[in-house]
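> Residue-level listing of the chains:
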Amino acid sequence: MRFKTVTSPHVLQDAGVGQVMRRVLYAMLPGIAALTWFFGWGILVNLVLATTVALLAETAMLAARGKPILLHLGDSSAVVTAWLLAVALPPLAPWWLTVVGVLSAIVLAKHLYGGLGYNPFNPAMVGYVVLLISFPREMSTWLVPHGLDQSQAMTFWETLQVMFNSEWPARFAADALTGATPLDVLRTKLGLGLTVTEIRNSPVFGIVSGHGWEWATSGFLVGGLWLIYTRAADWRIPAGMLGGLAVIATVFYVVDPVRYAPPWFHLWSGAAIFGAFFIATDPVTASATPRGRLIYGAGIGILVYIIRGFGGYPDGVAFSVLLMNIAAPTIDLYTQPRVFGARRG
Amino acid sequence: MNALKRLFPFHGGLKTVRHKAESNQSPIQPGALPRQLTVPLRQHIGAIAKPLVQPGDRVLKGQMIGQADGYISAAIHAPTSGIVAAVESRHVPHPSGLPDLCVVIDSDGEERWIDREPVDYRHRHPSELRNILRNAGIVGLGGAGFPSAVKLNLSGSDDLETLILNGAECEPWITCDDRLMRERAAGIVAGLRVMAHLLKPRDVLIGIEEDKPEAIAAMSEACAGTDYQVRPIPTRYPSGSVKQLVKLLTGKETPVEGLPVDVGVQCFNVATAYAVHRVVDHGEPLISRVVTVTGQVKQPGNIEALLGTAFADLVEQCGGYREGVERLIMGGPMMGFALHSDEVPVTKAANCILAASAAELTPEQPVMPCIRCSACVEVCPADLLPQQLYWHARAREFDKAQDHHLFSCIECGCCSYVCPSHIPLVQYYRYAKNEIWAQEKEKQKAELARQRHQARVERLEREKQEREAKLRQKAPAKAPLSPSPSPTRGEGSTVVVSDRDG
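Protein chains in written order, with numbering that gives the first Met the number 0: chain A, 0 to 344; chain B, 0 to 501.
Source of the hints: derived by calculation from the structure; they are not laboratory data.
Only true hints are included.
Chain A residues, not near chain B, derived (Cβ > 10 Å throughout):
#  : residue
1  : 29
2  : 95
3  : 132
4  : 140
5  : 164
6  : 217
7  : 228
8  : 245
9  : 253
10 : 254
11 : 257
12 : 309
Subject to a maximum C-alpha distance of 27 Å in a straight line, what follows is the list of computed BS3-like cross-link-like pairs (lysine-lysine):
#  : chain 1 : residue 1 : chain 2 : residue 2
13 : A       : 3         : B       : 432
14 : B       : 199       : B       : 251
15 : B       : 440       : B       : 399
16 : A       : 3         : B       : 297
17 : B       : 251       : B       : 4
Backbone N, C-alpha and C fix where the C-beta goes; we use that ideal spot for every residue, glycine too.
I would like the entire structure built from these sequences, with the hints used as guidance.
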């Protein structure tokens, strides 16, 4: 009798790239639910629009590059990119903003660099940064979280009107609904010479950080911890990033608590938690060695603080991630683990 | 004593599928005597044995038919009595698929033994005892087939710290060591005693994975009254890999490119110890071994098969194949290799025949790009960066692959097992290693050629100077004419021709 010959191992684990990617999507659901509750339908519209554009762009690029289309659409990586970007966009972003962002992410940052596994920069963050630099006004128009008071929220239809027709509903004054993000407020008012405590008494802040925001952050924390538990993400990256951010924030806070916000505010504000568990953990663009991942994460955390405190933007997760993406190969080179049986030291 | 009982886990490893119950429920059966046996003369690491018989010769069971050739080699014996039908190249179970020299014996069905004499090992000189084992064809039966006599010689250095008997059997499906330990623990310990006599270790440890409670009990009972210690170890592949087992039991890491003996540890498989026992206490050379026949065969189990029995015969004895067998694997599913055909003989290294259908194998899945998730890093027992090795092997950057310690890879397959992109990582490492070996050979060849060329140039120069010196000596005496250059040139070109012939 004759048999097929294939090299060992002859058994493999079932889990594929698609399953890993879809786990990231599931893990985002609690955070998305909280965002939707506080910021309205716009979040979901962004998600649907971004997913659609991402799948179309992915299909077109795969076809252009002569790659098997269904196989790669099945890996769900384009959807992950779309969701990561959509969640970071303002809830009433005009439709073209989302389209431009997703196209930059999928076409420019992903496929022009060789597609899944080959892109040196986090695609979602490239998309985000393209928008932030090109359309700063649109990118900073955030909704005020309306909390449980649904009478103050836009209906689904009104949301679509704003996003696709730029038609503001007559029953709302524009500035009653939109406002600066908590990190923006902190930044602006610090510039005016107010103390952190005075600023945090303003209604935009809740218990720990921004009102409404803190719930979304909690949702992403729950999902993120689940990602770690299922080993879809390496604990070292969020640990490094939040650790780095906490350490540098503590140092400044201890030195001058009047001018610098406390570390827990920084950890719970902006995209710190979301970035730590969902953005920085993108394995393709992160460091790949165990020690390297701690360093990579810590680098992002420290850069986030520096950009928030001393840079030109209220939050710095996107820039920090991209900057550390550049450093990842070098980090890998110098953090190779000690091989079994090699001399110590 | 308690401090010694501590285990020192190695990094990485896996909980794999087990599939032990299929074959470990029934006792070891004696193999049926086949009409013809094909006995390869290379069943070990090292030089092929020199054939001692010719077609037509009558041989007895246990008669040496191949002589160890050099220090790292082992003898081969006739597994039964009969007549030598041929000494020729036949298909053997080897990953290369290449045929090798075999002695083919038509059995006469009489099983007539040579004179068997037990050895009083306590009163033999160690080197004499090692020679007896060498001539009895004892090699490592865990799969590697390294001549045991070599490992039993510490070449005059200090006594050994620890002697380890490997009963881990961490590969899925394989149960031959499990059954052997359950049924013949006393024999294993008897063989172990001989090994300990030669190596004089301070401690003797027997490592057995926890999923074999019966084997642990049997071995513990057989060790009662000795200071040999049975150590249950966690069921975690690849705990049976030598370097990992040594680390686990002693905390010592075998140096890169080194051997366990470099850190004062020597390790043998339980079946090897049993084979030593057969030699010393029964005078029987190594002519059979226990083979697990499992997977899609009708009655899976363990057979004590004569070396040289065709795999097909063993499958036949186990009731034949069931439906849908796609792959025939020698060894386990993690490190074993797939055979082209079942018409190959059982060798000393053949611990398992796994007839695998689609149900046992993972369906072939399309290979996706590496997403650098580092799942492979988490499981690598050698602490390598498999994804970086893959990257460099694929790009044919072999120097960088070596910088990432390619040769520390033990090819255990853990990385391929967990890869979500289903990349055949181990295959890339084998490819890179082979390419590097080929390049080294080329380099050596080139170096040799360079040296020979250099030597030749120097010799010609020397000869020329000698001749000129002679001529100068003679010149004043002879005619003042300068000598004709043609003979010199003529001689030179002759040398070139003869050099090329050489």
